[in-house]
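Could you build all of it, start to finish, from the sequences and the hints given here?
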Amino acid sequence: MSRHAVADAVRTQESYLDVKGRYSGLFGWIFSVDHKRIGLLYLGSVFLFFIVGIFLGLFMRLEQLTMGETLMTANMYNRLFTLHGVIMIFFFIIPGIAGTMGNFFLPIQIGAKDVFFPRLNLLSWWLYLAGAVLALFAIFSGEGMADTGWTFYVPYSVQTGTNVTLALFAAFILGFSSILTGLNFIATVHRLRAPGMTFHRMPLFIWSLYSTAWIQVLATPVVGITLLLVILERTLGIGIFNPAMGGDPILFQHLFWIYSHPAVYLMVLPGMGIVSEIIPTFCRRIIFGYKAIAWSSVGIAGVGTLVWGHHMYVSGQSSTASIVFSFLTFFVAIPTAIKVFNWVATMYKASIKVEVPFLYALAFLFHFLIGGLTGLMNAAISVDVHVHDTYFIVGHFHYTMFGGSVFALFGALYYWGPKMWGKMYHKKSAVVALVLQLIGFNMLYLTMMYMGYQGMPRRYYDHLPQFHDAHLVATVGSWFLVTGLLMMIGTLIHSIFKGEKAPQNPWGGTTLEWQVPTPPPLENFDVVPTITSGPYNHKEEAE
Amino acid sequence: MSNHAATLVAHKHPGDVEGVKIGMWLFLFTEMLLFGGLFIAYAVYRSIYSEAFHTAAANLDVTLGAVNTIFLLTSSLTVVLGIVALQKGKQKFAVLMIWLTVLFALGFMVNKYFEWSVKIHHGIYPGSPELLASHDKGEIVFYNLYYTMTGLHGLHVIIGLVVFFVVLYFIKRRPVVTEEMPFDILKHVRGGTRLAVLSEKGDELGTVAELDDKVELVDIRLTYEPVIEKMDPRNIIKLENAGLYWHLVDVIWIFLFPLFYLIS
Ligand code: HEM
Numbered sequence: 001m002s003r004h005a006v007a008d009a010v011r012t013q014e015s016y017l018d019v020k021g022r023y024s025g026l027f028g029w030i031f032s033v034d035h036k037r038i039g040l041l042y043l044g045s046v047f048l049f050f051i052v053g054i055f056l057g058l059f060m061r062l063e064q065l066t067m068g069e070t071l072m073t074a075n076m077y078n079r080l081f082t083l084h085g086v087i088m089i090f091f092f093i094i095p096g097i098a099g100t101m102g103n104f105f106l107p108i109q110i111g112a113k114d115v116f117f118p119r120l121n122l123l124s125w126w127l128y129l130a131g132a133v134l135a136l137f138a139i140f141s142g143e144g145m146a147d148t149g150w151t152f153y154v155p156y157s158v159q160t161g162t163n164v165t166l167a168l169f170a171a172f173i174l175g176f177s178s179i180l181t182g183l184n185f186i187a188t189v190h191r192l193r194a195p196g197m198t199f200h201r202m203p204l205f206i207w208s209l210y211s212t213a214w215i216q217v218l219a220t221p222v223v224g225i226t227l228l229l230v231i232l233e234r235t236l237g238i239g240i241f242n243p244a245m246g247g248d249p250i251l252f253q254h255l256f257w258i259y260s261h262p263a264v265y266l267m268v269l270p271g272m273g274i275v276s277e278i279i280p281t282f283c284r285r286i287i288f289g290y291k292a293i294a295w296s297s298v299g300i301a302g303v304g305t306l307v308w309g310h311h312m313y314v315s316g317q318s319s320t321a322s323i324v325f326s327f328l329t330f331f332v333a334i335p336t337a338i339k340v341f342n343w344v345a346t347m348y349k350a351s352i353k354v355e356v357p358f359l360y361a362l363a364f365l366f367h368f369l370i371g372g373l374t375g376l377m378n379a380a381i382s383v384d385v386h387v388h389d390t391y392f393i394v395g396h397f398h399y400t401m402f403g404g405s406v407f408a409l410f411g412a413l414y415y416w417g418p419k420m421w422g423k424m425y426h427k428k429s430a431v432v433a434l435v436l437q438l439i440g441f442n443m444l445y446l447t448m449m450y451m452g453y454q455g456m457p458r459r460y461y462d463h464l465p466q467f468h469d470a471h472l473v474a475t476v477g478s479w480f481l482v483t484g485l486l487m488m489i490g491t492l493i494h495s496i497f498k499g500e501k502a503p504q505n506p507w508g509g510t511t512l513e514w515q516v517p518t519p520p521p522l523e524n525f526d527v528v529p530t531i532t533s534g535p536y537n538h539k540e541e542a543e
Numbered sequence: 001m002s003n004h005a006a007t008l009v010a011h012k013h014p015g016d017v018e019g020v021k022i023g024m025w026l027f028l029f030t031e032m033l034l035f036g037g038l039f040i041a042y043a044v045y046r047s048i049y050s051e052a053f054h055t056a057a058a059n060l061d062v063t064l065g066a067v068n069t070i071f072l073l074t075s076s077l078t079v080v081l082g083i084v085a086l087q088k089g090k091q092k093f094a095v096l097m098i099w100l101t102v103l104f105a106l107g108f109m110v111n112k113y114f115e116w117s118v119k120i121h122h123g124i125y126p127g128s129p130e131l132l133a134s135h136d137k138g139e140i141v142f143y144n145l146y147y148t149m150t151g152l153h154g155l156h157v158i159i160g161l162v163v164f165f166v167v168l169y170f171i172k173r174r175p176v177v178t179e180e181m182p183f184d185i186l187k188h189v190r191g192g193t194r195l196a197v198l199s200e201k202g203d204e205l206g207t208v209a210e211l212d213d214k215v216e217l218v219d220i221r222l223t224y225e226p227v228i229e230k231m232d233p234r235n236i237i238k239l240e241n242a243g244l245y246w247h248l249v250d251v252i253w254i255f256l257f258p259l260f261y262l263i264s
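From first to last, the protein sequence lines stand for chains A and B. So the first sequence is residues 1 to 543, counted in my numbering. So the second sequence is residues 1 to 264, counted in my numbering.
These are computed hints drawn from the structure, not numbers from a lab. Among the clues, some could well be false.
For lysine to aspartate or glutamate, the following EDC-like pairs were computed, each having C-alpha atoms within a straight-line distance of at most 20 Å [what the hints assert, rightly or not]:
#1 A/Lys113 / A/Glu14
#2 B/Lys112 / B/Asp61
#3 B/Lys137 / A/Asp248
#4 A/Lys113 / B/Glu18
Reference listing, derived: stretches of chain A covered by chain B, where coverage requires no fewer than 3 residues with Cβ under 8 Å from a Cβ of chain B [unchecked claim]:
#5 176 to 188
#6 230 to 238
Note that this is a predicted model, so its numbers are computed, not measured. Just so you know, even glycine gets a beta-carbon here, dropped at the ideal spot from N, CA and C.
Here is the structure:
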């Protein structure tokens with residue numbers, strides 16, 4: 001069968017948005033086991049948290065506008081960056097792509113009607129909600145939000161009077177939710193691929209989700225037990241990490257990063273998957289080095305589990321360990337670079353159609369290049385000792401996580417949004433929003449990196465006079481950035497309610513989601529398709 | 001009335017046992033890694049305080065530990081017997097085996113209760129002033145790990161108990177099964193035919209009024225309560241998965257027992 005439908009397929013089933021299930025209205029959503037509705041539930045909830053996180057970031061920047069106390073006390077600043085970090089990591093970016101785009105498109109792209117365990121899928125969203133409620137309690141009850149930073153390092157996280165236990169418990173539950181998503185995706189990829197959909201015919205987005213899912217399943221329990229141990233110390237006095245009881249606080253850092261470093265790949269891999277979908281579609285050609293990109297996802301996931309010690313060069317861990325970790329960290333750059341080169345090679349001499357999703361893919365490449373290369377700098381022990389715990393690090397990880405994965409997610413919203421809600425967006429305002437984001441982003445984080453290199457420490461509510469000008473630039477940058485973000489969210493919401501009707505295949509994509517009606521019917525396919533070729537076959541269209 | 005022996009194929013989900021197993025194994029991996037974090041902690045502290053671990057372990061009651069080991073190992077056997085029995089359709093025996101497993105698990109917990117209460121009575125519990133004052137750091141770490149690891153394991157035993165009760169409920173239940181069978185009439189019958197659903201013995205279970213030529217599709221919905229001997233095959237996979245979980249609980253204990261009780 002042709003992978004590329006010329007005319008729109010005739011709709012024989014109602015769109016999943018119109019189907020009347022057992023419940024209607026709100027209940028029709030929050031009790032739905034349809035992977036597409038769950039994907040949108042996730043999308044709504046993670047963006048709610050994202051907006052809260054954005055404003056927390058903005059307030060932190062405002063605090064740095066002048067020297068001394070501008071808006072808040074040092075104590076308040078500590079809570080803000082903790083909450084900002086916890087929200088952005090656990091509530092936004094970890095479920096941000098797998099839970100939203102993954103839930104929606106994983107089954108469709110492999111030719112399945114749903115994920116393997118639909119009810120478990122709904123449960124994972126409910127657990128997310130439970131985590132959110134707990135986090136609210138942590139913020140508004142007792143001593144208020146934790147002030148430890150999102151890393152919850154002992155011994156401070158055991159000593160502080162703030163609501164660390166509740167916050168940890170929320171993170172624990174979110175971890176469980178993330179595990180269930182991962183488990184579901186692995187089972188789905190193994191059992192529900194359409195006939196002929198071999199592993200090497202799967203879209204690259206699926207490869208990235210599959211690698212991510214293994215990290216979710218294998219790494220999350222380790223941080224789960226670590227956080228649990230801190231809870232036990234706070235509640236029952238079981239001081240596994242307490243030096244007074246013979247414990248070792250460094251062990252906490254090891255256990256924490258055994259998960260949390262793989263977790264950064266868990267955040268970025270799906271973003272890379274999205275870029276691998278967008279680039280061939282708008283270059284209208286087969287992707288260069290399909291297998292190299294696919295297996296480099298697995299490579300990153302694999303090597304990424306062995307590099308956690310590069311967060312701990314100055315912790316007092318053995319210097320032999322540091323050297324090994326440093327070497328392995330350099331090693332991760334190889335599969336990552338393989339991807340970047342293949343993307344660029346795909347674009348080389350292609351007849352590129354420039355649309356908003358493609359621009360976001362370029363923004364991803366640009367930011368990720370900076371983030372990745374500064375990552376190599378941090379991997380070098382001698383440099384890291386100098387920049388550890390400075391704004392350089394904060395700049396670096398915003399470039400990878402925010403400039404990288406989150407920009408990829410934005411790209412996906414423009415790329416797949418028309419399929420998800422059946423409406424096109426307003427192109428001009430989308431482009432303006434992107435330009436604002438680019439200006440703001442780079443003004444903010446490039447300046448942060450510069451300050452960090454000069455010695456501006458992270459997690460300080462105040463700064464020395466020599467950093468004043470740079471802080472001013474960064475704060476103004478944050479205004480551009482936030483304006484761009486809000487404008488983008490506005491554009492997307494406008495497209496949902498007022499956008500023009502989207503055709504079945506607005507971009508000429510070749511993967512399966514473009515062969516089903518827009519928006520897809522409840523069970524995605526009338527007839528489960530049989531797959532006869534790889535995912536990015538643009539040839540048939542040219543013939 | 002023309003009689004056509006057409007076989008109706010039920011359009012239920014095929015029930016992919018393989019996939020359910022994959023899900024269960026992935027879940028077991030997460031459990032292993034959860035405990036894995038604790039085993040790493042154990043390895044680190046034991047290498048630092050090997051002497052103190054040695055002394056502290058001498059205070060644990062090897063007999064109680066051994067009895068518990070026997071309890072758990074035997075219970076793994078009874079679960080397997082239960083699974084085999086259920087596969088062969090011997091429901092009563094399977095239920096008996098599950099109850100035996102539950103008994104062993106309860107025995108384990110009772111033992112554990114006595115073991116812990118004696119320790120707590122002697123002032124050995126996390127954060128107790130006596131423990132902190134009169135033992136050296138290595139021993140404190142030993143007991144902290146002991147309580148955390150056997151405690152978490154005990155929690156898993158309790159979860160296992162709950163799981164077995166759930167499985168028992170499903171086995172005992174007589175489920176009402178509804179099957180939908182869209183039946184392509186055109187292939188088989190002409191106008192004027194009467195359609196009937198017959199039991200195996202040939203008794204008429206239900207009829208549809210006479211059909212004319214315009215009818216193309218008849219939906220037949222059968223709702224029935226299976227007799228207890230012919231229970232729902234999905235119960236087997238439920239019990240198998242419960243069994244897998246129980247083996248994991250068992251395997252973890254097999255590591256905990258020597259690491260805490262036998263190193264003195
Ligand atoms: C408008 C958007 C954002 C702004 C203005 C912003 C700003 C900031 C600022 C000022 C800090 C604290 C620096 C310090 O004093 O140590 C920070 C920390 C952090 N940000 Fe962002 N950020 C934004 C978006 C994001 C996103 C999208 C993510 C993740 C995907 C993220 C993750 C983090 C993390 C993990 C920390 C560290 C928190 C900690 O130190 O415990 N941020 N951000």
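Hints the structure fails to honour: Every hint satisfied by this model.
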